[in-house]
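Protein chains: 2
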Amino acid sequence: MKSRLSLTRYWGRLVMDLVEQLDHIFYPRSIAVVGASANPEKVGFMCVGNLLEAGFGGRVYPVNPGLAQLFGLKAYPSVTAIPGEVDLAMVVIPAELTISTIEECVAKGIKGTVLVSGGFREVGTEIGSDLQAQLKDIANRGGMKIIGPNTLGLINPRAKLNASFQYTLSLSRAGNVAVAAQSGGTTIYLVHALTNHNVGISKAIGLGNRCNLDFDELVTYFGQDRETEVIVLYVEGLEQPQRLIKVARQVTKRKPIVVYKAGRGEEMDRATLSHTGALAGKYELYKTAFNQAGMIMVDDMTELVDVAKALAFQPAAMGDRVAIFSVQAGPGIIMADKCQQLGLRLAQFSPVTRRGLRQLASPLNPVDNPVDLAWKSDEFDACREMLKVVLEDDGVDAITVAAVFYGSNMEVMRAVVDVARDSKKPITVCLDSPGGSAYAEINALEGSCIPTFPLPERAITGLAGLIKYGEILKGGGGGGGIRTHGSGISEQRFSRPSP
Amino acid sequence: MKSRLSLTRYWGRLVMDLVEQLDHIFYPRSIAVVGASANPEKVGFMCVGNLLEAGFGGRVYPVNPGLAQLFGLKAYPSVTAIPGEVDLAMVVIPAELTISTIEECVAKGIKGTVLVSGGFREVGTEIGSDLQAQLKDIANRGGMKIIGPNTLGLINPRAKLNASFQYTLSLSRAGNVAVAAQSGGTTIYLVHALTNHNVGISKAIGLGNRCNLDFDELVTYFGQDRETEVIVLYVEGLEQPQRLIKVARQVTKRKPIVVYKAGRGEEMDRATLSHTGALAGKYELYKTAFNQAGMIMVDDMTELVDVAKALAFQPAAMGDRVAIFSVQAGPGIIMADKCQQLGLRLAQFSPVTRRGLRQLASPLNPVDNPVDLAWKSDEFDACREMLKVVLEDDGVDAITVAAVFYGSNMEVMRAVVDVARDSKKPITVCLDSPGGSAYAEINALEGSCIPTFPLPERAITGLAGLIKYGEILKGGGGGGGIRTHGSGISEQRFSRPSP
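As you go down the protein sequences, you meet chains A and B in turn. Residue numbering for the first sequence follows the numbering used here, beginning at 32 and increasing consecutively. Residue numbering for the second sequence follows the numbering used here, beginning at 32 and increasing consecutively.
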């Protein structure tokens with residue numbers, strides 16, 4: 032027993048050390064940019080510019096022996112010449128010059144270095160791999176984390192931190208979704224898409240070649256990060272997948288992890304190798320292992336955005352029985368189609384629910400699932416009561432609502448906001464309009480944590496993520512991403528959630 | 032021979048009559064709104080308001096015996112009291128009052144009536160079905176088309192016509208995509224989504240209960256409409272699917288038809304029955320028949336938008352061998368994943384192409400497909416030449432390009448615009464940024480007919496639509512929507528297109 036306790040303590044201390052170190056990286060008080068440049072076309076210019084433009088409140092030290100100042104900031108010839116402490120360095124210099132710089136960073140006591148430069152393991156040469164191995168050795172001995180090399184950097188919108196060369200990342204909003212991706216380009220596309228879908232970011236980081244900072248460490252960190260409630264990963268290939276799987280098994284009990292695993296075929300194994308230097312391995316092996324660890328696997332980036340959005344806004348569903356409300360029948364049918372495609376069940380209403388709906392619905396409409404709100408969509412009270420009756424049905428686990436953006440229809444959406452306040456069952460909504468004309472309505476819904484999706488099937492994809500995470504929390508989530516293949520009806524059966 | 036010629040002439044005249052009649056409906060010179068109302072919450076108010084607000088240039092006649100004027104327009108007690116000719120009527124009155132109104136419309140010589148009112152076959156009562164049957168009889172005898180009942184109406188952005196109760200439809204732009212949908216709600220979601228993806232509409236129409244205007248007639252009309260180059264259908268169920276199939280077989284030789292067939296399961300057969308009164312029937316039967324007729328079937332609305340966008344902007348591909356260009360490796364890998372998922376092939380470059388790329392690409396990058404543009408993305412000439420070398424490879428049928436939105440990267444996009452001018456092979460692009468900050472770049476691309484997509488896999492979905500349509504034009508397009516199931520590699524092999 033004693034040794035086991037010691038081991039727990041030992042691991043606990045390791046985690047605490049890691050968290051402290053990554054806090055320095057995600058909440059730096061001071062940042063040095065090695066390779067800072069006065070040429071606006073150079074990455075070394077953009078890195079400094081982005082830090083300032085995003086409103087970073089700490090100290091920024093441009094480092095370049097040929098530079099006196101940049102943006103009115105005093106420049107230093109080297110990291111060691113900087114008078115104060117430095118938490119984070121960004122290094123943007125040719126690969127062959129990085130060894131001495133990284134040694135200086137270690138000597139300076141810097142906790143983390145974003146190594147933007149490429150020319151290491153990803154180029155597939157012995158020289159590149161050797162260089163990276165040397166850097167890893169130096170960093171490990173000095174207790175420093177290297178983010179990258181061959182990376183974009185990281186952002187923390189809450190801390191107004193954009194430690195990357197990509198200025199559009201400063202436009203993301205603070206929120207509860209953490210992103211870690213093996214590709215800087217994918218990080219950017221993902222953050223853009225999440226931002227355009229009104230999903231806020233807690234932290235986002237491009238991991239590049241993962242010199243000595245890898246997915247398992249980020250997941251450990253995000254797992255305990257109070258600002259993170261959903262973790263999104265883009266994984267190409269891992270040398271030691273079991274490390275991520277082990278951590279994920281624990282973290283997914285508290286926070287959902289949504290993963291896109293890239294590299295589906297043998298051809299793509301080659302492509303991922305030339306990218307970040309890791310063998311992608313067999314997709315199906317990853318899929319099985321990730322699923323067993325409770326990670327939610329998605330098939331494309333759109334699904335990733337939709338599932339992350341739903342999880343960022345709503346609680347997990349405690350079963351797969353979906354009730355659909357639609358003011359127009361067509362979108363309701365599309366939603367039902369998607370339920371069938373994803374293996375979700377259409378809820379069968381109880382006699383009590385049917386009687387309740389019969390009293391509330393228009394006599395012109397049958398009482399069924401999808402529930403047709405036509406003729407009643409302009410009556411707030413009727414909509415609210417219909418939603419309530421269905422939410423109270425023990426045979427319903429999650430609901431979704433579609434209403435075309437149209438003046439009186441928006442009473443439906445007001446009713447959704449009203450009932451959502453007291454509901455433990457998740458709700459998603461389909462609402463869209465050209466050029467942002469439904470801005471106020473979408474804002475009212477999302478301000479009340481009800482995620483909106485622009486097309487009917489995407490509101491169901493969101494629900495599928497919430498249902499999948501409910502299965503994972505119940506311990507039955509293995510297999511098949513958000514999709515339940517085969518019969519078209521999920522085999523999982525769950526009891527009602529305890530209050 | 033003689034009788035066959037006569038039959039051709041007979042059918043030709045029927046088509047000409049139909050076209051002339053639908054021209055009156057889509058390009059009316061005058062419109063009567065029966066049930067016009069001064070109450071801004073009434074549909075009869077919105078219909079008149081939308082006509083005026085969209086800028087319709089013809090005459091608008093509000094019809095309501097209790098109304099003297101509306102929006103400054105003289106109101107009439109009945110359709111027959113209107114002095115001039117009327118091409119199109121919109122009828123927004125209770126179902127039980129429609130018989131006499133439709134009789135008056137026929138007597139007035141009106142060519143088409145948008146019957147917005149519900150309460151007919153879709154409610155599932157004998158009274159409702161009888162009413163609709165009577166209307167059909169009256170309209171058929173009088174040579175009038177009834178759009179609906181239980182419908183949204185129609186738009187023709189080029190004619191500044193919004194003959195519907197939905198004002199947001201006026202925000203759509205004129206373009207080359209025609210939409211016909213059995214659900215008004217779906218029509219609205221689709222037009223919103225197409226508009227938000229910069230896809231213009233030639234005409235859009237909600238067909239509702241299809242009293243005596245059905246899909247086959249719309250497809251015939253869109254098939255000869257010069258302003259329509261892509262036809263999009265949302266189909267729930269048809270009484271006589273063979274009529275649509277017969278027309279589609281001809282039209283798809285000239286214009287692509289993209290279809291979402293709703294109602295995937297038996298439960299949804301019930302839902303579609305209660306909606307527009309048609310049995311949805313077995314999905315798989317429809318799928319087979321639609322595919323054989325050369326229609327492109329999609330699995331959801333997002334796919335519908337992406338395929339329609341690609342077809343609206345680019346020519347069909349003459350084979351399924353895709354070349355991917357990406358400035359960042361990650362998005363390129365996601366694109367390759369999607370190719371595999373959809374059964375498209377990654378092109379194998381010829382030795383000439385490889386040598387050409389080797390000379391042009393950075394020595395840090397392997398020469399392979401996906402082509403890695405890193406280190407060269409800020410060099411217009413290098414990008415252009417790399418694109419050209421690949422476009423000239425006989426083993427490449429279509430290309431796609433991903434570049435994160437970032438100052439110097441945009442040289443890649445300039446190069447894409449440049450080479451696209453002389454290319455007969457289709458090109459799609461993945462480009463996005465938060466809050467429309469890439470507006471100018473996206474505009475430059477789409478102004479040159481290169482469609483952009485916000486996430487990597489969606490640019491591939493677009494290409495898959497172009498490839499599928501190429502297969503259909505070659506006569507080998509049967510089976511499986513845009514997806515080629517099974518081996519993951521398409522079995523179709525095609526020669527080069529003739530110039």
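Some clues are possibly wrong.
Put simply, identical chains are the same to the list, so a pair is met inside one copy or across any two.
Once the Cα atoms are required to be at most 25 Å apart in a straight line, the calculated SDA-like pairs of lysine to any residue come out as [what the hints assert, rightly or not]:
| hint | residue 1 | residue 2 |
| --- | --- | --- |
| 1 | Lys-318 | Asp-330 |
| 2 | Lys-167 | Pro-346 |
| 3 | Lys-73 | Glu-423 |
| 4 | Lys-277 | Asn-70 |
| 5 | Lys-313 | Glu-134 |
| 6 | Lys-318 | Gln-372 |
| 7 | Lys-167 | Asp-330 |
| 8 | Lys-313 | Arg-60 |
Since the hints were made in silico from the structure, they are not lab data. Since we're looking at a predicted model, the values are computed, not measured.
Comparing the hints with the structure gives:
no. : hint                : in the structure
1   : Lys-318 <-> Asp-330 : both (11 Å within a copy, 23 Å between copies)
2   : Lys-167 <-> Pro-346 : neither (40 Å within a copy, 50 Å between copies)
3   : Lys-73 <-> Glu-423  : neither (59 Å within a copy, 33 Å between copies)
4   : Lys-277 <-> Asn-70  : neither (45 Å within a copy, 64 Å between copies)
5   : Lys-313 <-> Glu-134 : neither (37 Å within a copy, 69 Å between copies)
6   : Lys-318 <-> Gln-372 : both (20 Å within a copy, 15 Å between copies)
7   : Lys-167 <-> Asp-330 : neither (33 Å within a copy, 47 Å between copies)
8   : Lys-313 <-> Arg-60  : neither (42 Å within a copy, 64 Å between copies)
Going through the hint list in order, the structure does not satisfy hints 2, 3, 4, 5, 7 and 8.
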